[in-house]
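Asker: I would like the entire structure built from these sequences, with the hints used as guidance.
Chains as they are written, first to last, in UniProt numbering: chain C, 1 to 297; chain F, 1 to 281; chain D, 1 to 394.
Simulated from the structure, these hints should not be mistaken for lab results. None of the values given here were measured: they were computed from a predicted structure. Check before you lean on any hint, since a few could be wrong.
[To be verified] Here are the computed distance ranges between Cβ atoms for each label pair: (1) R224(F) / F285(C): 44 to 50 Å; (2) S221(F) / L18(C): 34 to 40 Å; (3) D15(D) / S134(F): 47 to 53 Å.
[Said to hold, decoys possible] Reference excerpt, derived from the structure (chain F facing chain D, CB under 8 Å, subset only): (4) P168; (5) L171; (6) A174; (7) K176; (8) M177; (9) D178; (10) G179; (11) A180; (12) T181; (13) Q184; (14) V189.
[Claimed, not checked] Computed list of lysine-lysine pairs in BS3-like fashion (alpha-carbon distance at most 27 Å, straight line): (15) K13(F) / K107(C); (16) K154(D) / K168(D); (17) K283(C) / K205(C); (18) K190(C) / K13(F); (19) K271(D) / K377(D); (20) K106(F) / K10(C); (21) K182(D) / K120(D); (22) K283(C) / K106(F); (23) K182(D) / K168(D); (24) K168(D) / K113(D); (25) K318(D) / K271(D); (26) K120(D) / K131(D).
A virtual CB, placed ideally from N, CA and C, is assigned to each residue, including glycine.
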Amino acid sequence: MSQALSEGKKAERRLGLLLCAPAAIVMVAVTGWPIIYSIWLSLQRYDLRVPAKQAFVGLDNYVTVLTNGYWWNAFGVTVGITVVSVVIELVLGMALALIMHRTIVGKGLVRTVALIPYGIVTVVAAFSWKYAWTPDTGYLAAMLGPDTAILTQKLPALGAITLAEVWKTTPFMALLLMAGLALVPEDLLKAAAMDGAGPWQRFTKVMVPVMKPAILVALLFRTLDAFRVFDNIFVLTQGSQGTGSVSMQAYDNLIKGLNLGIGSTMSVLIFITVAIIAFVFIKVFGTAAPGSDPGRR
Amino acid sequence: MAVITSGVDTGRKVRWTIIDVVVVVYALVPVLWILSLSFKTKATLGDGNFIPREWSLQNYADIFTTNEFLLALVNSIGIALIATAIAVVLGTMAAYAIARLEFPGKSALVGFSLLVAMFPQVSLVSPLFDIERSLNLFDTWPGLILPYITFALPLAIYTLSAFFREIPWELEKAAKMDGATPGQAFRRVIAPLAAPGVFTTAILVFIFCWNDFLFAISLTSTTRSRTVPAALQFFTGASQFESPTGQICAAAVVITIPIVLFVLFFQRRIVAGLTSGAVKG
Amino acid sequence: MAEIVLDKVTKRYPDGALAVNEVNIEIADGEFIILVGPSGCGKSTTLNMIAGLEDITEGELRIGGQRVNERAPKDRDIAMVFQSYALYPHMTVRENMAFPLRLAKVDNATVEKKVTEAAKILDLTQHLDRKPSNLSGGQRQRVAMGRAIVRSPKAFLMDEPLSNLDAKLRGQMRTSVSRLQKQLGTTTVYVTHDQTEAMTLGDRVVVMRGGVVQQIGAPQFLYDHPANLFVAGFIGSPSMNFMPATLENGALSTPLGQVALGDRVRSAAEKANAPREVILGVRPEHFEDAAVLDEAAKARGSVFTAQVDVLESMGSEKYAYFTVDGEQASSAELAELAADSGSADVPSSGSQLVTRLSAASGATEGGSVQVWFDTEKVQLFDPSDGRNLTYSAE
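Answerer: Next up, the structure:
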């Protein structure tokens, strides 16, 4: 009989592997293999306009990219948009989370409405913002008065891009934070109130520390997501006036420039940057990667 | 005492109502603006008014008479539905295994799907562009469906395994005691309980696929597989000198309709799905 | 209906852990038997093996004379009530109760009749079309019972079915479970960690510890004649008082003073070859305020004087708590019992003595009182293996 038991255990393992295999294979085939392939491509001179000249060039592409002012500008733009938008989103998202969690009127309505920015196609929202800022057409341009073409100047255009990002993703941030809020026991807040903590102290001394894991997960996800910023820039400025992000740079080199070598080099550099960000969050801030230890929560 | 509290309550209600209104305005203004533009006539399109002075359905009539939009809409719907179906089926299998079974490599799978969720998608654009061209997948439905499935899978696996963990599996035992075969226990007890979670996940995955722009613009080149978000970039006016703004807005409104419907009817489920997947992991 | 026989039933997990070790129980047809013990004692595993939800590693399980080790739960014709009730949340009460019959492909008219009948017995008639989520805890519990009784199975298995109810409701449900079982006369195996349920419900009680059966017997017999320290400490509330004692020449020196043992105790201890160091066990009700006893009664026992720490007056009786100086009685069994009841976490110096005095007692909190205890009723245990040195089977 004990033999039969371990048979049962084996059958369970087999079933588990079998059920996971398709998902794992698809994910590895579509991400793992291409990323290795792109590392190989990044070491090649490979321009689709002159495919005959393909050759192994070692780290030349990296030198080209890393000594290029456009790349560093795009890098600065991406980091700037990421930092500013995530900080604003954290503040607004926390406010929205508290509203969705605690409002006593129209809770369903607020939650429903807040989901619209989350669900809407980014490109659609981007067009809305673009036409809002377009002189003569837009209500926002009209408010600013004539002769203010926001999207044609670098800093104002970056502001518009950041605003579009913040509008679209604050609800998602708020939802993640709301899940954290739900983990703060009501009794804990009551106890803090009895101990003499005011509303602000209850928020900073009780809620935020208890929610810390949820906040860090939300920040990690949003930071990595913000770093990929592409859709809004593509629609709002097409990357003109130095407003392109690293994703825009990679796209331009690939699709417009048809330069696979340089495009892949940028892909690898973006991948490395994202890996560093994730590493810093997980190791330095101790963000518990969701799912890393399901038993604990 | 009762009178005093009700007085306080009224004050609080008014305050909360004001806050709610701010949230509603924040969330809806950009949506209403593009809706407004889509209803404006060509003459009033450039007047900068938030509410149209003259209403017209001309823009909608225009887009539905051009192949450009109709083909893109068919591509969008087809690609998103197929990718959703496959991702949900694969995700359900994996999530069931993660939630219910012990097997080696489980944490590796969870970790790997987390990596995929954080993956910078643009990093895949260059290699996929090249790989898909050599496999004749470039500018085809499968060429988009594959990356969509891949990036939807982590979302599906997280959300579903969170749902599956909440199913009281003791019911499976109870069903067996009540005389059910394993098949009956699954069909009559577990499946009805798992269905809402699977359905919610399907909505989230569909929204994800419906939303994508980066792959759609990079891995397509013709109306053969270009989805609406990508196709919007290629809209031209009816004549060379006409701006396509009205038609873009109309098309944008059309592809927003399913999202609004989902949100209206399944708000609770979507919130539950997003929060459970993200925090409880 | 059928008898259930566990013949050297053993459960060993793949990692080698022994959950249940050679359990032998013969459950007669129509008998109500209780499996009781602290958490982790193997009682639920035993129940799950009878149910067929867990494999039996070794030994044989017979229901109605037939070996059923290899049969799936659905082929054993037994019904189970779960601790969480395990009601199907997507079905109404009616559908929940009808589910086993539907699976058995019983015709509609019979299903309707049986469900109506069961609902009537359990007072659920007006709730038949509601979903479980709209029911109270007690109602859910009754639906779970209903689902078990509709198919008139050979046996009922119940896994702590009342532990999710509040104390008052638990008391009520206890009597109705008992009445229902008598009415139906179905063999029932009932798992609990609550010794009140064990005492009041069953025809016989099986006390388990660490996967091993400690003693099987009628509740009163276990109470009066515990086979060992573990059973003695587990059965009874408040539980038996234990203190270290030294046995010399038929006399016992205890923290309560020198005690002259009665004949029964002395001869039993001699027969059992008692060691010098023993553990003395006295039940709370075997104490009494010496002031309320006549001389003749007093002569049958021993008297000591002590200061009352805490006095709880229950109206019909009084509980007086004393602190006894000196060492606490110690043994593996007592440590396990303390851990299970959580009393290991309560700081105390010396050992505490719980006594039940009659309402007429004039004891006051903080005051000194002369306490008598019945030396005929004391039990002595061997600290090394916990066996009852004064055990007698009559």
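Asker: Each hint needs a verdict: does it hold in this structure or not?
Answerer: Now the hints, each set against the structure:
no.	hint	verdict
1	R224(F) / F285(C): 44 to 50 Å	holds (46 Å)
2	S221(F) / L18(C): 34 to 40 Å	holds (38 Å)
3	D15(D) / S134(F): 47 to 53 Å	holds (50 Å)
4	P168	holds (7 Å)
5	L171	holds (5 Å)
6	A174	holds (4 Å)
7	K176	holds (4 Å)
8	M177	holds (4 Å)
9	D178	holds (4 Å)
10	G179	holds (4 Å)
11	A180	holds (5 Å)
12	T181	holds (7 Å)
13	Q184	holds (6 Å)
14	V189	holds (6 Å)
15	K13(F) / K107(C)	holds (12 Å)
16	K154(D) / K168(D)	violated (31 Å)
17	K283(C) / K205(C)	holds (24 Å)
18	K190(C) / K13(F)	holds (21 Å)
19	K271(D) / K377(D)	holds (17 Å)
20	K106(F) / K10(C)	holds (15 Å)
21	K182(D) / K120(D)	holds (17 Å)
22	K283(C) / K106(F)	holds (22 Å)
23	K182(D) / K168(D)	holds (22 Å)
24	K168(D) / K113(D)	violated (32 Å)
25	K318(D) / K271(D)	violated (37 Å)
26	K120(D) / K131(D)	holds (18 Å)
In summary, the structure is inconsistent with hints 16, 24 and 25 from the numbered list given earlier, while agreeing with the others.
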